[in-house]
Amino acid sequence: MTGAEIVLKSLAEQGVEVVFGYPGGAVLPIYDTLFKQNSIKHVLVRQEGGAIHAAEGYARSTGKTGVVLVTSGPGATNVVTGLTDAMMDSVPVLCITGQVPQHLIGSDAFQECDTTGITRPCTKHNYLVKDVNKLSSVFHEAFTIAQNGRPGPVLIDIPKDVQFAKGSYVEKNKIVIPSHRLFEPSSDFEIKKIDEAVKIISNAKKPIFYIGGGCINSGPKASELVRKFINLVGAPTTMTLMGLGVVASSDKKSLGMLGMHGMYEANMAMHECDVMINIGARFDDRVTGRLDAFSPNSKKIHVDIDASNINKTIKVDVPIIGDVKDVVEKMISIWEKNKFKIDKDSLNNWWDKINEWKKVDCLNYNNDNKQIKPQFAVQRLYELTKNQKTFITTEVGQHQMWAAQFYKFQEPNRWLTSGGLGTMGYGFPAAIGAQVGNPDALVIDIAGDASILMNIQEMSTAIQYRLPVKIFILNNEYMGMVRQWQELLHGGRYSESYTDSLPDFVKLAESYKAVGLRAKTTGELDDVIKQMIETKETVIADIWVTKEENCFPMIQSGSAHNEMLLSKDQKQDKKSAEKGKILV
Amino acid sequence: MNKSVYASPDQVSETRRHILTVLVDNEPGVLARVIGMFSGRGYNIDSLNVAEVSNDENLSRITIVTHGTSEVVNQIEKQLLRIVPVHSVTNLDQEGDSVEAEVALVYIYISESNKKKVYQVCDFYRARKIENENNTTIFEIAGASDRVNRFIKEINEITKIEIVRSGPVAISSILKNEEE
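Those protein sequences? They're chains A and B, same order as listed.
When we follow my numbering, the leftmost residue of the first sequence carries the number -15, and every step to the right adds one.
When we follow my numbering, the leftmost residue of the second sequence carries the number 7, and every step to the right adds one.
Certain hints may be false.
[Unchecked claim] Pairs of lysine-lysine, BS3-like flavour, derived with a Cα cap of 27 angstroms:
#1 B:K135 to A:K177
#2 A:K299 to B:K121
#3 B:K135 to A:K176
#4 A:K284 to B:K84
#5 B:K122 to A:K309
#6 A:K314 to B:K84
[Unchecked claim] Which stretches of chain B does chain A cover? Using the computed rule of at least three CB atoms under 8 angstroms from a CB of chain A, they are:
#7 106 to 113
#8 135 to 144
Simulated from the structure, these hints should not be mistaken for lab results.
Glycine included, each C-beta is placed from N, C-alpha and C at the ideal position.
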């Protein structure tokens, strides 16, 4: 069996159905083998960066591992952004790269680069396979590492001579991965911590759940258990950008998203709570705001599978290292066994306070019956798609935040966005991946006019595979979030944030033989959205929105949770503004 | 705390020297993973030592001297454990009971006038003269870093020298079963 055949057999044994990739000289043997088989489908992208985001979208919408196949040199360097994105957002991705034959490594050969060197910090682990007989065991270990513990990207670099070489195949159940190479929870120690945590929760007067993407990574069962525990405790719940969907937006316990563009009531509740239960979130700086004023009076419980997240930025009182599903399952059983209950009066008072904050109506905006407000566009999109199986992806910027604020997610794995790395250009290829994994679902990329141009070449991919992905562009002719920061922090000097010379998106769609739609006024919006949904082809809907709308509410950099700005008229205090200016 | 875009809110503990020993699978790139984590996350390496410690199991031990607050060093330990081929990380400084040693080779510029003093100092520190074909004065000294520092300082006050140092290796002096 050749190395290339071992690659395909390993993928098949791991249950891989689809590979996103782009051929090139150093992976030709693998592509040749791919040609001769039928079990694995290949999706040809138009740039390798698209392949890895598509694999991420596929992984996050299906829960399976996304697989990427690219060539050496530029093929490998083009996936670096996506690998880093998958690393930051804990997405299981396996990336196969070709490499020049071993005798040429180090000679600056054509399309040679130090792939394992370049990708070392942006993968969970990577391999350069020099021995064809080790190839299958490397694949099996790589899949396990990508999915195990905190998921992430793994890369396998295969020199071309290894792809041609003859070797033997080892089945996955015949290899043993040493335990130190995997995440293994130490349950004996943690059970005491879980006990302690549950006791603290039972005595809370103003508890809040702070739910992160780890709940989604832990699988559908985990989200179910988290919802069950939240209902048992009766506490308000806020979710991070990555955690949206764990608790349904319609659930009365949900306060929506927290953080920089989160809900006023969520941030205020985080600030004032006495017990914070962080499940699968990592105290990201977009969430915490200024650290010295972060939730000053609370006992903090932190459930995380990655020990390095504990006490990284925020010191916590009860750290629990483990998988969300296992930990919350134990929490529930302890809670039920002891018939714990939070004091009713204090919980009612807490909810009264929260309901007062809700009255602020932080998402309020002045709608316009002529020009389309971006918030309104997302609201209408939600209303018109809520009754069908819909996946939303986004690019990065204002539209992403409006999508997070106004699209009401009811279940996990339906919301795919680049959180940690903030990768413009993520949404469209991710939508392609999600559509490949969910052929019957409605997949919409809520995009900005600047972001969509970063991977617009993937239109060809969408058309070739008849993927009815919808691109919903909130077009304000600006890099909106850059413009907003320039307005707030740099005296309104809009340096290079105007996107001049935009294409005509309708004609652009048509040139790819897709459908192009446009809404210029509020009155046209619903019809365009309906038409977009009904069209069974790839659609670009170009929604002309008001140009200088800002995304509020907002905790500006350097401010704390209780210092949210609700509108343009409010200003950050000068001292915080000066300090905040240097932050990201 | 450390490493956030926001300044640290708490009083941080004082910066101290720590010796970390990291047991790793001896596979290609493992050293690069370890030191890349340090440079990528902005931590310091004061000295670094790596050698295979068991052929049959293919294990190497990396000894790293770093300095930082206990919070920073704690984070370093956790980040090291995320690296797939890392078996274990031991902070010998925290364990208390450990011994450390390093080797320095010192080329001493010697003359008739300083010869006596140099040899006195070398004798005192039990530095060993290494015979060589060129008949130059090269001494070897082994021991804890502090002792090597003192030796170098004293010799340096007498004459010009050139030094290479291995950086320390260290081992816990408590009997224990380290693996698992």
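Hints, one by one, checked against the model:
no., hint, verdict
1, B:K135 to A:K177, "violated (58 angstroms)"
2, A:K299 to B:K121, "violated (58 angstroms)"
3, B:K135 to A:K176, "violated (58 angstroms)"
4, A:K284 to B:K84, "holds (20 angstroms)"
5, B:K122 to A:K309, "violated (73 angstroms)"
6, A:K314 to B:K84, "holds (25 angstroms)"
7, 106 to 113, "violated (count 0)"
8, 135 to 144, "violated (count 0)"
The structure fails hints 1, 2, 3, 5, 7, 8 (numbered hints given earlier, in ascending order).
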